[in-house]
Every structure is written in C-alpha cells, then in structure tokens.
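Asks: If you read the protein sequences in the order shown, they are chains W and F. Just so we're aligned, residue 1 is where the first sequence starts under the numbering used here, counting upward by one. Just so we're aligned, residue 1001 is where the second sequence starts under the numbering used here, counting upward by one.
In case anyone wonders, no lab produced these hints; they're calculated from the structure. Virtual Cβ for every residue (Gly too), placed ideally from N, Cα, C. Hints should not be assumed to be uniformly reliable.
Covered stretches of chain W, going by a simulated chain F footprint (3 or more residues, C-beta under 8 Å) [what the hints assert, rightly or not]:
1) 55-68
2) 90-101
3) 107-113
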Amino acid sequence: MSHPLIAPPTVPVALREVRKLYRHGRIAVRALDGVSVEFARHSFTAVMGPSGSGKSTLLHCAAGLERPSSGTVWLAGQDLGRLSEKQLTKLRRSRVGFVFQAFNLVPALTVRENVLLPLRLAHARWDRQWPDEVIRRVGLADRVRHRPAELSGGQEQRVAIARALVARPEVIFCDEPTGALDSGTAADVLGLLREAVDTGGQTVVMVTHDPVAASCADRVVFLADGAIVDDVAAPGAGAIAERVARLGGRASRGARA
Amino acid sequence: MTRVAWRMLTQHPMRAVATFVALLYGAAVLTACGVLLESALRYHGVPQRYGASAVVVAATDLTIAQGSGQDLSVDSYPLPEGGRVSTGLAQRIAAVPGVRRVVTDVTVPMQLITGTPAGTSSRSASVRAVSGHPWPAAALTPFTLRAGTPPTSAGEVVLDATLARATGLRPGQKVRLVVPDGVHTFTVTGIAHGPAGLNDHAVFFADAQAGALAGRPGTASVLGVIADPRVRTQTLAAAIRAALPAHPPTASGTFPSVYVGADRGVAGSPAVANGKELIIAVSASFGGCACLIAILVVSGTVGLSVQQRHRDIALLRAIAATPRQTRRMILTETLILAALAGAAGVLAGVAAARWLRSQFVSQGFVPGSFALHVSWLPPITAIGAVMIGAVIAGWIAGLRASRIRPVDALGEAAVERGGRLADVVRATLGLVALAGGIALASLATHLTASAAAGTAIGLVADLVIAVALLAPWLTRIAVTVCAAGLRHLGVPGRLAAANLAASARRLSPVVSALVLAIALGGSLWFLQTSIQHAARQQSRAGLRADQVITTSGPGLPAGVAQAARHVPGVASAAGTVRSTIFDNQGDELTAEGVDTTALPDTLDLGTSSGSLNALHGETVALDTVTAGDLHLRAGGTFRGWFGDGTPVTLRVAAIYRRGLGFANLTLSAAVLRPHTATGLDSLVLVADSPGSDHASVSAALTRAIRGRDPAAEVATPSGYQAAVNAQIAQNTWTVHISVMVLLVYVIIAALNTLAMAALARRAELAILRLAGATRHQLLRMVRIEQAVLLGLALTVGGAIAALTLIPMVKGTTGSATPYVPVAGWLAVIGGTILLSMAGTLLPALRVLRIPPIEAIGPQE
Chain W
1 MSHPLIAPPT VPVALREVRK LYRHGRIAVR ALDGVSVEFA RHSFTAVMGP
51 SGSGKSTLLH CAAGLERPSS GTVWLAGQDL GRLSEKQLTK LRRSRVGFVF
101 QAFNLVPALT VRENVLLPLR LAHARWDRQW PDEVIRRVGL ADRVRHRPAE
151 LSGGQEQRVA IARALVARPE VIFCDEPTGA LDSGTAADVL GLLREAVDTG
201 GQTVVMVTHD PVAASCADRV VFLADGAIVD DVAAPGAGAI AERVARLGGR
251 ASRGARA
Chain F
1001 MTRVAWRMLT QHPMRAVATF VALLYGAAVL TACGVLLESA LRYHGVPQRY
1051 GASAVVVAAT DLTIAQGSGQ DLSVDSYPLP EGGRVSTGLA QRIAAVPGVR
1101 RVVTDVTVPM QLITGTPAGT SSRSASVRAV SGHPWPAAAL TPFTLRAGTP
1151 PTSAGEVVLD ATLARATGLR PGQKVRLVVP DGVHTFTVTG IAHGPAGLND
1201 HAVFFADAQA GALAGRPGTA SVLGVIADPR VRTQTLAAAI RAALPAHPPT
1251 ASGTFPSVYV GADRGVAGSP AVANGKELII AVSASFGGCA CLIAILVVSG
1301 TVGLSVQQRH RDIALLRAIA ATPRQTRRMI LTETLILAAL AGAAGVLAGV
1351 AAARWLRSQF VSQGFVPGSF ALHVSWLPPI TAIGAVMIGA VIAGWIAGLR
1401 ASRIRPVDAL GEAAVERGGR LADVVRATLG LVALAGGIAL ASLATHLTAS
1451 AAAGTAIGLV ADLVIAVALL APWLTRIAVT VCAAGLRHLG VPGRLAAANL
1501 AASARRLSPV VSALVLAIAL GGSLWFLQTS IQHAARQQSR AGLRADQVIT
1551 TSGPGLPAGV AQAARHVPGV ASAAGTVRST IFDNQGDELT AEGVDTTALP
1601 DTLDLGTSSG SLNALHGETV ALDTVTAGDL HLRAGGTFRG WFGDGTPVTL
1651 RVAAIYRRGL GFANLTLSAA VLRPHTATGL DSLVLVADSP GSDHASVSAA
1701 LTRAIRGRDP AAEVATPSGY QAAVNAQIAQ NTWTVHISVM VLLVYVIIAA
1751 LNTLAMAALA RRAELAILRL AGATRHQLLR MVRIEQAVLL GLALTVGGAI
1801 AALTLIPMVK GTTGSATPYV PVAGWLAVIG GTILLSMAGT LLPALRVLRI
1851 PPIEAIGPQE
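Whenever a hint applies, use it, and build me the whole structure from the sequences.
Replies: Printed below as a string of structure tokens:
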C-alpha cells in the first residue's frame, strides 16, 4: 500500500516507503525494504522482530539518527529529508527523547547535569522545579548529585528516561531499554514509560525482543527481513511470543530452502 | 558547553596528558627563545667604558650591498677581528661645533704574568688577561689617577684599581706583560680608578708606546668624542655623522658609524657584536621552527584524544549537541589545557633560558657581560602562541569530532570507513611525494654545499609525508615479506600477521611516527658526526709537524716561533694565524695564515690542483668545497674582506682537499697577521730535523719558549689532535641542542600515537582472551607485531635518512659516505626499540590486566 502524501501528517512520527541499504565494499545489505508506518499520538508502540529484521534501523531512521536511502520520514510535522545536520540535532533535542540499551549517560556529569544536558545545549529556559520534579518521578531524588559510575543499571535507565522526559518531547524512542535489566527493574522501567504515555501524554516507540516488555504496549508492529509483516493491537505476552516464534521459524525455513 | 568540557577533562586527566606535555614543552621552548632574543637585542656590552664621551665613532660592521636600484639589498655583518677607523677623521670630527676633544683609543689584548717574576721555566707563573690602552683614552671612561704619575715614556704603565687590588701591585713595582712581540717588564707608575662596577682590567701605556703595540699606524679602534655638556647628544651625533665621509648606498666595505647611549658598548668590542648576532640568529630561527612543530604535534595529540572518546562524543551528538557545539567543546577543552600548560611552560622556559645563557658564556659564544633580561613580553608571547596553536589544533580536531555520526553512540560496528576513491587518492599522492623526494635527492648531489644542506629538511619532510600516505601498503608489503617467518612462530605469529594486514590503515600513524623519529634524528645527527669525523681525519692526516706549540692566552707572540727555530734539532718552526675572511657575498670563511717557507714539513693540505709553493704574497689557496661554492679555480681571483673589514684581492694559487681539518682559505701568515685583532700566532708548528730525538727536542723547546710566553705549551701531534677534537665538538654544540629539542617533540608525538593505538585494542584483546588465548600468548602476539612494524620503520626511516644524508655529506665533506659511529647505530636502534616498548607493550600489559569481560565493555 503506497500512496504519496499531500500534506504533512498530524501524527508525531510517520514513515513512507522507507528503504535503507548498507554497502560494505561489494556487498549490499537491505536493512529496510519499503516500510510505511505511522505512530499515533499518546500511544505506546512496540517494534519487534528477529535479529536482522531491521527494527533498530527503523528506529534510527524514524529518530533522524540515520538518513534513509529512499522514502520520507516525518517527525513532529517536519520532513527530515529537508533538514541539515544542525537542524536535525535541534529537532532531536527539543522534540525527541532517547533511551538506549546502554551507554546512555555522559560519565563525567552528575545525574542532574545529565538530565539537564539537552536543555542546556539548546540554551532553553526551564522552570526551576521541573528537572527535579522529573527526577523525583523516576524515583531518583536522592541520587541527584551522583555520577553514573555510582548507579546501578536500572538507575541509569531511569536517569535516561528522566532526561528523555525533561524536554517534554513529542515522541520518545527506546532501543531495548530493558535488555540489560533483571525482571523486577525492567518492570519498574516499563511502568515509568507506561505512566509517561498515560498521564504524561507522551508517545513512545520501543524496539524490543522481549515479549513481556512488548505486552505493556498498546500496539505491536512485527518486522521481518526489513518489511512489516504484522501489526497487532494490545496483544498478550503469549500471543506475542507465538508470533515471534512463527517469524523466526519462517526466517530459518527460508534459509534452509 | 564549557562546563561539560571542564568535567570531561577533570574526570579523566590522563587522557589529556600528551596534549598537556606537548603544549607545556612548546611554551617552554618559545619562552626560552623569546627571553634569549630579547636579552640579546638589549645587550650592549659595557657602555660605561665610554661613559665620559657622549659619542664614539667606530667601524664594527662590514656592509655588503648587492644589486642596485629596486633590487638593492644591504646587509651588515659584525667584524670578528674588530674594525678600525682612520685617525685622520679626528680632525674632521673636532671641527664639529660642540666637540671639545677627540681622543683615539686602541685596545690591545695582552696578558699580565702573576706569580714568581724570574725563572723562565717556573710553572707557578700564571697569566691574567688584560687589555692595553693609551693613557689619553683614560679620559673617555673616565679613569682618574689616584696614586702615582701617568706613564710618559716607553716601559711605564698605569694599572686600573681593580687590577691592582687583584694582583697586589703598587706604584714603583715591576710587572711583566706578554705583548705582541714577546714578554717585557714594565714599571707601574700609577693607579687609576674608574667608575664603580667596571671590571675592565685595563693597563694604560704612554700614547706612543700604545700605538706601537697596536700596530697598524694611522688607525684606531674607537674615536671618543668629549663634548660640551650643554649640547644635546642627538644633535651632536647627527652633526658628526654628517662630517664623516659619505659613501654611496651601493658601496660595500667597512664604514665608520656613530654610536651613542647604550650602543657605545658595542663599539670597540667585537666579541659583543658577534655574540649578540649569534644569539639573535639562533633564538629567532629556532623559535619559529619550534612553533610550527608544536602546532603539528598538538594537532596530533588532540586528534587522537577525540578518537579515544568517540562513543561519548557520539552520545552528545545524538541527544543534544549540534556539530558546532561539539567543535566548540573540543576547542574549549584544548584552550583550558593551553592556558594551564602555558603558565607552567613559561616558568620552565625561564629556567631553561638561564641555563642556556650560562652555557653560551662558558662555551665562549658571548662575553660574560651578557645578562638575561626577563620582561613580561616573551612569556605573554609564548602563552599567546601556544593558545593560537591550541586553537588551530582544537579546531582541526573539532571538525573531526563534529563529523562523528550520532548512531555510533549505540555501539554499532566501528567499521574502517574510507571508500575506494579515498584509497586511490591517498596512494596517488603518496607516490607523487615519493617520486618528488627521490628526484630532489638526486638533484641535491649536483648542488653546491650550502644549497644541498638547505634542501635537506625539505627532503626529509617530503619523504616522511610520502611514507605517511603510503603506510598501509608498506605495512602490507612488510607482512607479506615476513609471512613465511611469522608462520613459524605459531599461533601468536599467525594472529600478528592477520592483525597487521587487516588494520594496515589504522596502523599508519604508528608507522609514520616511528619513521619520522628515525629519519629526522638519523639525518640531522649523523650529518654532524660525518662532518666531525671528516674534520678529525683531515686534521690528523694533514699535520706533518712533530710538535705543536699552543697557548691558553690570546695568542703566541712572534718571538716564540723565532726562539723555536734556534733550538737544536729543529728543522723549521712555522707560526700559524687563524682568522676569518668574508667572501664578496658576506659569508664568513675560516682562514689560516701559514709560514709558506716551512709549509711542506709542517702541513700537507692534500692539494688537488695548483701548487702551494706559489703561496706567498697576495695569493690564496682554497679548499674544494669553497672553490665549488665560489666557482673559482687555480688562477682565478678571490675578492673579499679581511676579518677587520679591509678589502682584499688574492690570486688563487691552489685548491686543496683538507678544508674541514684546517680552514677554508690558506694564505701567507705575513699577509693575514696584520688584519687580526691581536696580531699574534694561534699556533707554532715545529718540524724536527731527521734523526733527532723528539722527546729531547720537546724538552728543549719548552725551556726556550717559556721566557717568551709563560702560557705556552708544547704538545705532541696526538695531544694537539685531542684538543682539536674537543674544539670541533664544541663548535657543533648549538646544532646538537637544536636536534635534541626537536627529537623530544617527535618522541612525545610518537609515544602518544603508540599508546593510543595500543589502548584502542582493548576490546579486541579481551575477545581473544575469552576465546582462549593466554596473556602470555597475547603479549607474544603484540611483541611480534611490534617487531614487524619496527623492522619496517627502521628500514624505511633508515632509507630516508641515508637518502638525505648522502647529498648533504657529499656537499660538506666531499665524500659521499656518511660516518655513523657504532654508538650512533645503537642509539637509534635502541632508542626506537625503547620508544616502541614504552608506547605499546606497557599499555598492552595494563590492558591485559583488566578482566576480559569488563574490557569488552565501554571505553571509559
């Protein structure tokens, strides 16, 4: 299904016919093969798929971290293809939040400084209480002056979420945010993300391979071989796991054939 | 952004160490050069000597004008033997309104003998250097007579008070002085006091006797003007200048000038002018060179530190920092370092300047009156230059940092990017540079000596750049060559081969750094050893004399050679004068005046054309290098100036080979001697009659000459040779220091490159350990890799050094074989091995100590 857009979409994130090709010498890898998807406002979407399906690449393109080989990406109402590197960065720091799997924080800065970093760099004004409020919401009010080296993995992720929230972005992108955490801490982090959507009015797009994490989402998009193969609303963890297994089986069957 | 920059710096100070050290070193070198330069510019000798004369007239420089009209270039060179002015000018100057009196002053270097007066063979006699002046010149300082009477006839002297105190002499006592024609006894008739602080050690003679001692009638060192104190000095100086004979701007020669104020210290003191010129030249040129190298080295260290923080910077780029903000962060960081390093470096630089000053004075390059003047100007300039250099380096590194893709923050592959096109461009440029270098090297063999030496640095730079560009391919070639051998070294060997081949591009900074160190150090250092070796060899081969008489004083009076001739067993004794002669371009050439009748017995200069028998009167013999530079052959005409500024034209009688061992020009001593400051011989070469016993002749000689000059010594040829070698070593002292300073820079850059490369392999080594390799195996692998890289660097660096050395050595010594002493080989090879061990093995050891599972993680 492909029809060109006439006007910019009202959703925070939209991709149209996005293709991404990686070249290594003579080898070309098709990471994304004509993906079109929209993420609605105030929604929590999980993107899943086996390794090599292109889910991380989808995230990078949607967030403006990579430029697609062809197709259009709309973020916060702007066509990313028309923006320069500088404009992209400005868009990212004011309208987008990020939570990566690891290495989220600048080790040299304290928790508070890490959280304030996007605002500082944007030379924006902020309400004096807001950053502390956000840190309190993620439950780290007593660790404000600590450095990342003094925090546990889960606490680091929570700081990353606080930083993602502080600029009141349009959309928060997460790349395997609970990948390195135990189930208890993972539940806390997912709870924070859920709360951000429900009460904070944010939009969250999360790439994950964990069916339990994906079950917190309103919608799950399944990717395989660079294309969207399924799009389900509010599935349970069991259904998700079964779907993923089927996708994985298809992939391995394809390899054997 | 400043806060972020500051935090990143203070969290991991070790990362910034290399940049800090490079900046500190740069600031120190610049400050030292700046302080020396300013002190030399402000150095005016001791103007108080002419305190009572507002204006003095002297001729201290040789002016050489070349070209005419638009292309006219005029240069002046200080005269090493001191210039003279005609006493006839005194009348003209006296006619200028405001001038009360014009006094002629000559300075005659001589020695005062202290200790036991009689006993010519007594060793307890020691000599003290003093300067002789005519008594009327005492008014110029002024020296006033406090005790006794002024000297009125020959044989009478007045001593300056500090000298009298030091020697304990009083009016009425006798004193022995070594004057140009021998040792004579004088009577002290009075003591004169000069201004406080003036340690001149002056001895005043009767006017007529001073003139006789100075020789060169009709000339004076300085004409002092005693003027009416009501007349303004500047007006008087202008009027006197106008009264001097005019010369057209295109004329070359020695012209009298007017000196006022602090400049009066330069007049009449060639050592001051020459020392000043030397220090100005050395500090200005070296300072500029050091500045440039500092910028290069700092760019390298900052660039490497950006590379090491790749992931952190990528994170900043991903979440918030625009490319411009990233650049500014790197720049701010570098500036903070520059400010700190600059402050510390300035202190180190002042201390270094003090040490250099004491070295310059003790080596005799400049008189002891040269004082350091430390103002705020050199430190501010040095810090400013360091900051500017840091800005340039930080900007270049910042550009690189701003290009880091935000996606790299997610820990994705660190793929060696760089497509086909980049490779082709790089290879092409490298080959072009290489071809250019080889062409330049072969061209340089056909150039004259000075031109060849000038191309040397350019050649080294070009070849090193070629190597830096072609490094990946050179590494792969090296691996292929060693492949068979490496396979026999087991798994570590195979791993090493694979690593080297795969990371060839990443390793190019390592190879380039090592090659630069070897090529630069090798070529510059061994050029000096080659020249020194050639000089020693030529000096040893050419000396035919059986004894050499030397002195620790300013020179040997004429009587010494005469006395030596009358000693039984001596066939001939030749007095030799050493001086300087300028060619018509203003270049200084060493000159030796020899006794032409005694020539074949005492010296063999290795004549290649013409004959030294024809060397008498107004003739000269040139060495092959000088003859080549000046395009002269036997029968041609040499035009130039003596060291005291007198023009001279000489017919070329012969060309000889042993110029480095002796002098560029050889002529008759009788022609050269009158144009030296002292009029004394530097050496006397003695040839014994065949069949005589050398030892007994030496003893007889010693007895005979002691009466003529107590400071004279009789040396055997080997003893003399040792002194010559020491002198040769001393002459190259400034070059050695410069090379060592440059090498320190290169070592800083090399160490930093190597260490960064080693630390960057942390994850790779950890993976290998997890796969099953032991620490021992991995260390072996690293050592094998290092050995291959070292071998490559030594081969390529050595080739560059040889390629540069051969034309330079051929140009300066005439032979195309550089002399590399064994100690030199060991130093270069050993030094490079130490460098690579410190830079690679030590970091590798440290990295291997971390448990592999941690090491695989982030590069913090």
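Asks: In terms of beta carbon proximity below 8 Å, does the region 107-113 of chain W have 3 or more residues touching chain F?
Replies: holds (count 4)
Asks: Please count how many residues of the region 90-101 of chain W have a CB within 8 Å of a CB from chain F and say whether that reaches 3.
Replies: Satisfied; 6 residues make the cut.
Asks: Between the region 55-68 of chain W and chain F, see if three or more residues pass the 8 Å beta-carbon test, and mark the coverage as holds or violated.
Replies: n = 4 at 8 Å, threshold three: holds.
Of the numbered hints given earlier, the model fails none.
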